[in-house]
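The primary structure of each chain is shown beneath.
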Amino acid sequence: MNDQWLDGERLQPLQLKFPEQLEIAADGAQAAVVIAPPALPALMEELRYGADWQFSMLSNLTAVDYKTYFMVVYHLYSPALRQGIVVKCRCEGENPIVPSVTHWWPAEFQEREVYDLLGVFFTGHGDLRRILMPDDYSGHPLRKDFQAPARAEKR
Amino acid sequence: MLHEFANVGLLLFCALLFPLLALGTAFFIRPKKPSAEKAIPYECGVDTVGETWVQFRISYFLYALVFILFDIETVFLYLWAIEYQQLGLFALIEMFVFLFILLLGYVYAWKKGALEWK
Amino acid sequence: MEVNNQELEKNFITTTVDKFLNIARSNSIWPLSCGLACCSMEMMAAAAARFDLSRFGYEVFRASPRQSDLLIVAGTLTWKMAGPLKRLYDQMPEPKYVIAMGSCANSGGPFADSYSVVPGVSEILPVDVYIPGCPPRPESLIQGMLELKKKIQNPELGRKTSDE
Amino acid sequence: MPKAQTYILNMGPQHPSTHGVLQVVLELDGEKIIKAVPQMGYLHRGIEKLAESRTYPQFIPYTDRLDYVSAMGNNLGYCQTVEKLMQIEVPERAQYLRVIMAELNRIASHLLFMSSLAIDLGATTAMIYGFRDREDILDLFDMVSGARLTYNYIRIGGVMADVPADFVPALQKFIDKFPAMMAEYENILMGNEILQARLKNIAVLSGEQALALGLTGPLLRASGVDYDIRKIEPYGIYDRFDFSVPLGKTGDNFDRYAVRMQEMTESVRIIQQAMEQLPAGEVMAKVPRMIKPPAGDVYHRIENSRGELGYYIVSDGTPKPYRVHVRRPSFINLQMLDKVCRGLMIADAVAVLAVLDPLMGEVDC
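Protein chains in written order, with this note's numbering: chain U, -5 to 149; chain R, 954 to 1071; chain C, 5 to 168; chain P, 320 to 684.
I should point out that these hints are in silico values taken from the structure, not numbers from a laboratory. Hints may contain errors.
With a Cα cut of at most 30 Å, we get these calculated DSS-like pairs of lysine-lysine [said to hold, decoys possible]: (1) R:986 with C:14; (2) R:1065 with P:351; (3) P:550 with P:403; (4) C:14 with C:90; (5) P:611 with U:82; (6) R:1071 with P:611; (7) C:154 with C:14; (8) R:991 with C:154; (9) R:991 with C:155; (10) P:550 with U:82; (11) U:82 with U:138; (12) P:354 with P:519.
Work out the full structure: start from the sequences and follow the hints.
Pasting the structure below:
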């Protein structure tokens, strides 16, 4: 079955367009484009409206806590060209800040969920607050160093 | 003549007796345990937000008015329906005139838009 | 004329008012429609055509706690929903009963070690009947309701849930 | 004349028409809705956190409890993601059984959708009909996996066990009965003027608006956008079956209902073809006893009954996944609720919720 998710060499044009900020990680089962937060909006603009990309749908947006850094992962899909791409945004440190992509795709709820469960702050989101946990909840459950509060406090 | 009204009085008494009997026995039998949480207004399990005594729209009131109008009309029809056999042709025509007048009222309300919800 | 007790015994039932009321209550329990998770699907299936709760008089699912006397906790209870559920229980008029349906309500079930799940409804509500299963089949929900019926008819069977 | 004030009403966690524990905070001006903000999380069990302390096969029962009305679809999505990670080749017979089970579950899910829509709009008879026919499908699943709702039938590398001998005849009997069933629903619901009056031309969304709200699945196809992952990015063996994807014309509530009903007929066509081509052979690939995928991450998605269901698994080579994220269609489809309900009346908001068909296990994950 032809894999519609772009692999290493089909991502080369992006490497040429963003030479130093962008690197291609093609080792795992799915190749991905890794970028730093500041350069994210430019890349997203290109992927959204670029002629040979046309990624008009954001399929999935999530984040992974790799203990020393966070990786915010975007899976974009283009029904027109039937191709998909994995964009990873690597941000260091304790509370990462990533530009929001709600300008290009409808990602309000997914970004609010990532903020709620992992504590990744999305600038320019407009209504970033907790979506699943109670509003007065402290801590972000999906972080690796998360300690579930003692039962008494939970009541 | 007086005993005619006795029947109405008896009917009224029985009509009152049934609800009082039902609610009365329930009042005596059921366990009474009032508590603060039980008195809080029920809103799907969460607190009410904002004040609940607000000026709501006039259309609720208009809708109720139009309903009551035609509800009373039916009450009159009941009385007429009971004595339908004994009353002559005159009552029949009389009732249709009554219905026609109310039909005019209905068309007027409809045209004025009292039935659409604004 | 000498009265034959046997004959009388056969034709009359002597009972106390409470026993009579309990029989009436136990045959017409109105559950509160408060389904939380997968167990609510089986609760609806029990109320629908094939397993038909109305054979026992329990099919009237009321939407408001004011008119219901049984709270079926059907699904996983999270800490966020614990407050509203406790309030729903408090707002139900006496006599009220609680059925914990499914292993999530009994003890947290597969999510017992989660950070946001109440490990068992008995943490916040006095529970009358526990129904095992994940989700329990409609037949076991009906059996649970019949257990509750037995419990209502002879209250000395179960421990005192509330100081009636 | 003092201006009528708006007030805030909680269509709260415990409400007959919110399909579970969803809270919609309505700001109302009389009957008109000004704002409808959904509040979620009342059923958030933290399944993604639990995944990190379960091995790969142990997590399959948790996927049953995400969208607990189409559990086969969840199993399928998760297992295919792990197979993609470990490059496992699933035997033919298992592929066909998976398609049959997934499509049967889609029909059961749509039947439940129709029943809850009917009872939300007051047609209790249609609900009883819907549940009665759904029970036949649950009997088939009971015969195959022993459970009615949480099957745990599709496993990594194939399926749990082969179907019993009398499964195919029972399935054929259900398929033969299906057209009469659909005609009955046509008669009760589709042709019912009250239902049409309640659903037609309400909450209209054009194709672009639907895409701009992130909708997928029947909600997107009701607005005329031809996007079905079984066709666009065929997974498993879906490219071997010929079926059409029903699209809506006006994108109103009635189309969202009609599209799902036509999808049921398409699913029956798929099951029919899959049953004819069902090969013999074993049903489970050679899978190592302890499943340890190579380090790396993969995203795979399928077309579940409520939309695009995706699994993103990050593995670090140990038997337990490092991170599992589930892209849940109902969660993202709820973005439509606020925008669509503005200006409608409360009764229409109930119809929108019924047609949006959020499933709280999937929304709150």
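A quick look at each hint next to the structure:
{"no.": "1", "hint": "R:986 with C:14", "verdict": "violated (39 Å)"}
{"no.": "2", "hint": "R:1065 with P:351", "verdict": "holds (21 Å)"}
{"no.": "3", "hint": "P:550 with P:403", "verdict": "holds (19 Å)"}
{"no.": "4", "hint": "C:14 with C:90", "verdict": "violated (47 Å)"}
{"no.": "5", "hint": "P:611 with U:82", "verdict": "holds (24 Å)"}
{"no.": "6", "hint": "R:1071 with P:611", "verdict": "violated (63 Å)"}
{"no.": "7", "hint": "C:154 with C:14", "verdict": "holds (24 Å)"}
{"no.": "8", "hint": "R:991 with C:154", "verdict": "holds (27 Å)"}
{"no.": "9", "hint": "R:991 with C:155", "verdict": "holds (25 Å)"}
{"no.": "10", "hint": "P:550 with U:82", "verdict": "holds (27 Å)"}
{"no.": "11", "hint": "U:82 with U:138", "verdict": "holds (19 Å)"}
{"no.": "12", "hint": "P:354 with P:519", "verdict": "holds (22 Å)"}
Violation of the numbered hints given earlier is confined to hints 1, 4, 6; the remaining hints are satisfied by the structure.
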